[in-house]
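> Residue numbers (our numbering): 1 to 119.
No wet-lab data here; the hints were simulated from the structure.
Don't be surprised by glycine CBs; every beta carbon is placed ideally from N, CA and C.
Heads up, a few of these hints could be off.
[As the list claims (entries may be wrong)] The calculated label-pair distances, taken between Cβ atoms and stated as ranges, are:
| no. | residue 1 | residue 2 | range |
| --- | --- | --- | --- |
| 1 | Val-35 | Gln-89 | 25 to 35 Å |
| 2 | Ile-50 | Asn-13 | 18 to 28 Å |
| 3 | Asp-39 | Gly-83 | 45 to 55 Å |
| 4 | Thr-28 | Ile-65 | 24 to 34 Å |
| 5 | Val-35 | Tyr-99 | 40 to 50 Å |
| 6 | Gly-40 | Gly-61 | 51 to 61 Å |
[What the hints assert, rightly or not] Simulated crosslink set (DSS-like; lysine-lysine; CA at most 27 Å straight-line):
| no. | residue 1 | residue 2 |
| --- | --- | --- |
| 7 | Lys-115 | Lys-11 |
| 8 | Lys-84 | Lys-2 |
| 9 | Lys-32 | Lys-115 |
| 10 | Lys-114 | Lys-30 |
| 11 | Lys-32 | Lys-11 |
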Amino acid sequence: MKAIGGTAYLKVNGQHHTLGGAWSVYPTEKVKTGVAGLDGPAGYTEAPRIPYMEGTLIDNGSLSIADLEAITDATITLELVTGKTYIGQEMYLAGEPGYDAATGEVSTVRFEGKKIVEM
1 MKAIGGTAYL
11 KVNGQHHTLG
21 GAWSVYPTEK
31 VKTGVAGLDG
41 PAGYTEAPRI
51 PYMEGTLIDN
61 GSLSIADLEA
71 ITDATITLEL
81 VTGKTYIGQE
91 MYLAGEPGYD
101 AATGEVSTVR
111 FEGKKIVEM
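Make the full structure from the sequences, and use the hints.
Written as structure tokens, this is what we have:
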């Protein structure tokens, strides 16, 4: 039986970061939203969206929130146990990561960018 999840590796400009908890990838560049008329489905609208990756990192003593905040124009690579790899191009840190002293986790880490390619 093949592994379908659990192990993953994250690199930001080639530098490894330890993942904690869940990590998700949203590579799509368009969002379709259904439109219903009074007589039923009429079609959909389509709008651009910003691809992103988000999750939790573990601070092993070398992770700096200030360094995360400074990330711009980065290449971010997420390698999964399934053999899939997602490569984010021109990524930056979005939102507000927070540090949990009890668990050593930095949560709400979200990288947004121009494109995420599935390999």
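> Determine for every hint whether it applies to the structure shown.
Structure-based check of each hint:
no. : hint                        : in the structure
1   : Val-35 - Gln-89: 25 to 35 Å : holds, 32 Å
2   : Ile-50 - Asn-13: 18 to 28 Å : holds, 19 Å
3   : Asp-39 - Gly-83: 45 to 55 Å : holds, 46 Å
4   : Thr-28 - Ile-65: 24 to 34 Å : holds, 28 Å
5   : Val-35 - Tyr-99: 40 to 50 Å : holds, 42 Å
6   : Gly-40 - Gly-61: 51 to 61 Å : holds, 58 Å
7   : Lys-115 - Lys-11            : holds, 16 Å
8   : Lys-84 - Lys-2              : holds, 13 Å
9   : Lys-32 - Lys-115            : holds, 18 Å
10  : Lys-114 - Lys-30            : holds, 12 Å
11  : Lys-32 - Lys-11             : violated, 30 Å
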